[in-house]
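Construct all of the structure, not just a fragment, from the sequences and the given hints.
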Amino acid sequence: MTELFSPSAPAAPDYRKTLSRVGWGMAVFFAAGQLGQILVAFVLRLLAPDFAATALALFLITDLGLYGIGLPLAFLVVRRLPRCAPPLRDKGGLALTLRTLVMGFCVMYLANFLTLMLMQLVTWLKGASVTNPLQTAASAGNPLLNVLMLCVVPAVCEELVFRAGMYRLTAGLGARVYVVVSAACFALFHGNLYQIFYAFALGVLLAYLYLRTGKIALCMAVHFCINLMGTVAAMYLASSVAGATLLGLFVLVCIAAGLVLLALEIRRGGFSLPPCALPPHPVRAALFTWGMGAFVLLALLVALLLVLV
Numbered sequence: 016m017t018e019l020f021s022p023s024a025p026a027a028p029d030y031r032k033t034l035s036r037v038g039w040g041m042a043v044f045f046a047a048g049q050l051g052q053i054l055v056a057f058v059l060r061l062l063a064p065d066f067a068a069t070a071l072a073l074f075l076i077t078d079l080g081l082y083g084i085g086l087p088l089a090f091l092v093v094r095r096l097p098r099c100a101p102p103l104r105d106k107g108g109l110a111l112t113l114r115t116l117v118m119g120f121c122v123m124y125l126a127n128f129l130t131l132m133l134m135q136l137v138t139w140l141k142g143a144s145v146t147n148p149l150q151t152a153a154s155a156g157n158p159l160l161n162v163l164m165l166c167v168v169p170a171v172c173e174e175l176v177f178r179a180g181m182y183r184l185t186a187g188l189g190a191r192v193y194v195v196v197s198a199a200c201f202a203l204f205h206g207n208l209y210q211i212f213y214a215f216a217l218g219v220l221l222a223y224l225y226l227r228t229g230k231i232a233l234c235m236a237v238h239f240c241i242n243l244m245g246t247v248a249a250m251y252l253a254s255s256v257a258g259a260t261l262l263g264l265f266v267l268v269c270i271a272a273g274l275v276l277l278a279l280e281i282r283r284g285g286f287s288l289p290p291c292a293l294p295p296h297p298v299r300a301a302l303f304t305w306g307m308g309a310f311v312l313l314a315l316l317v318a319l320l321l322v323l324v
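According to the working numbering, the sequence shown is numbered sequentially starting from 16.
Simulated from the structure, these hints should not be mistaken for laboratory data. Ideal Cβ placement from N, Cα and C applies to all residues, glycine included. Just to be clear, a hint being listed does not mean it is correct.
Beta-carbon label-pair distances, calculated as ranges [claimed, not checked]:
| no. | residue 1 | residue 2 | range |
| --- | --- | --- | --- |
| 1 | Arg104 | Leu320 | 40 to 48 Å |
| 2 | Leu261 | Leu323 | 32 to 40 Å |
| 3 | Asn127 | Leu319 | 16 to 24 Å |
| 4 | Arg94 | Leu293 | 23 to 31 Å |
| 5 | Phe66 | Pro148 | 18 to 26 Å |
| 6 | Cys172 | Leu109 | 17 to 25 Å |
No more than 20 Å apart at the CA atoms, straight line, and that leaves these computed lysine to any residue pairs for SDA-like [said to hold, decoys possible]:
| no. | residue 1 | residue 2 |
| --- | --- | --- |
| 7 | Lys32 | Ala292 |
| 8 | Lys230 | Leu113 |
| 9 | Lys141 | Leu319 |
| 10 | Lys230 | Ala179 |
| 11 | Lys230 | Val168 |
So this is what it looks like as structure tokens:
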């Protein structure tokens with residue numbers, strides 16, 4: 016098994032207290048980010064009503080609310096947590112990055128199939144279609160703006176928060192805790208059922224990539240490529256018969272190649288992680304903390320409201 020950490024590792028922090036504080040930080044990030052968007056939108060409509068109706072304003076409202084208001088407040092919540100994460104070894108990893116990209120496309124498309132079936136069931140039960148917020152955002156801007164705001168900004172900001180930042184906060188509890196908690200928080204943070212399943216799967220792969228390479232830039236590159244193909248490129252390719260055919264072939268090739276790579280990675284122990292001391296029923300122990308429980312309930316409530324309203 017590949018050694019993930021350098022030999023020096025600080026003592027592990029308290030499991031429940033750490034995850035509860037992380038949960039409170041995520042709850043503040045999520046709630047303050049949503050309220051911040053309302054505040055930014057109100058100010059823009061008051062000061063520049065014409066600009067507030069543009070696609071650029073829509074993206075600015077989202078990012079300023081999340082990263083200008085929500086993230087600083089979340090940092091205040093978690094700033095006193097001890098940084099007990101062991102230092103990562105810098106091991107390169109271009110080949111692993113390319114494999115992770117293909118596996119990422121694979122799990123994204125497979126999870127999307129599951130999501131589409133679920134949304135079809137919800138549509139049938141509800142009697143009305145369910146809007147995909149990502150498609151709505153992508154259709155609002157021009158291609159260059161979409162690449163910048165839907166691909167570059169999320170890839171950079173989300174990797175810094177959910178891979179690098181979450182590593183500092185949770186990896187002291189063990190690599191397994193970091194992978195699961197960072198992926199779950201990443202998925203729930205999206206706040207809608209369209210993205211929650213594939214975001215969790217991608218979050219797991221990106222956490223493994225960060226653990227094995229120690230390079231957040233590689234995680235950003237994979238995240239960017241997946242966002243680019245999953246939103247901007249897919250939307251424009253699907254607008255023509257030839258493009259839709261190419262997109263379909265790309266999806267099939269990625270699923271086939273990704274399944275092979277996933278099987279090979281599992282067979283050679285690429286997803287193996289060192290054991291760590293966990294409390295009995297670790298998932299329940301995490302969810303039954305005030306902070307993590309509040310974040311999970313808040314994120315799921317918002318996701319359900321977006322579906323039902």
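So, going through the hints one by one against the coordinates:
1. At about 43 Å, the beta-carbon gap between Arg104 and Leu320 stays in the expected band of 40 to 48 Å.
2. Checked against the hint of 32 to 40 Å, the pair Leu261 and Leu323 passes, with Cβ atoms roughly 36 Å apart.
3. Separation of Asn127 from Leu319 is about 20 Å and conforms to the stated range, judged on CB atoms against 16 to 24 Å.
4. Taking 23 to 31 Å as the suggested C-beta distance range, the pair Arg94 and Leu293 conforms, at roughly 26 Å.
5. Distance hint check for Phe66 and Pro148: the Cβ-Cβ separation is about 22 Å, which falls inside the suggested range of 18 to 26 Å.
6. Judged by the Cβ atoms, the range 17 to 25 Å given for Cys172 and Leu109 holds: they are separated by roughly 24 Å.
7. Between the alpha carbons of Lys32 and Ala292 the distance comes to roughly 15 Å, so the proposed pair stays at or under 20 Å and holds.
8. For the hint pairing Lys230 with Leu113, the CA-to-CA distance comes to about 14 Å; that is within 20 Å, so the pair holds.
9. Taken as a hint, the Lys141 and Leu319 pair is honoured in the structure, with Cα atoms around 12 Å apart against an allowance of 20 Å.
10. Restraint check: the Cα-Cα separation between Lys230 and Ala179 comes to about 9 Å, which is no more than 20 Å; the hinted pair holds.
11. Proposed proximity of Lys230 and Val168 is supported: the alpha carbons are some 18 Å apart, at most 20 Å.
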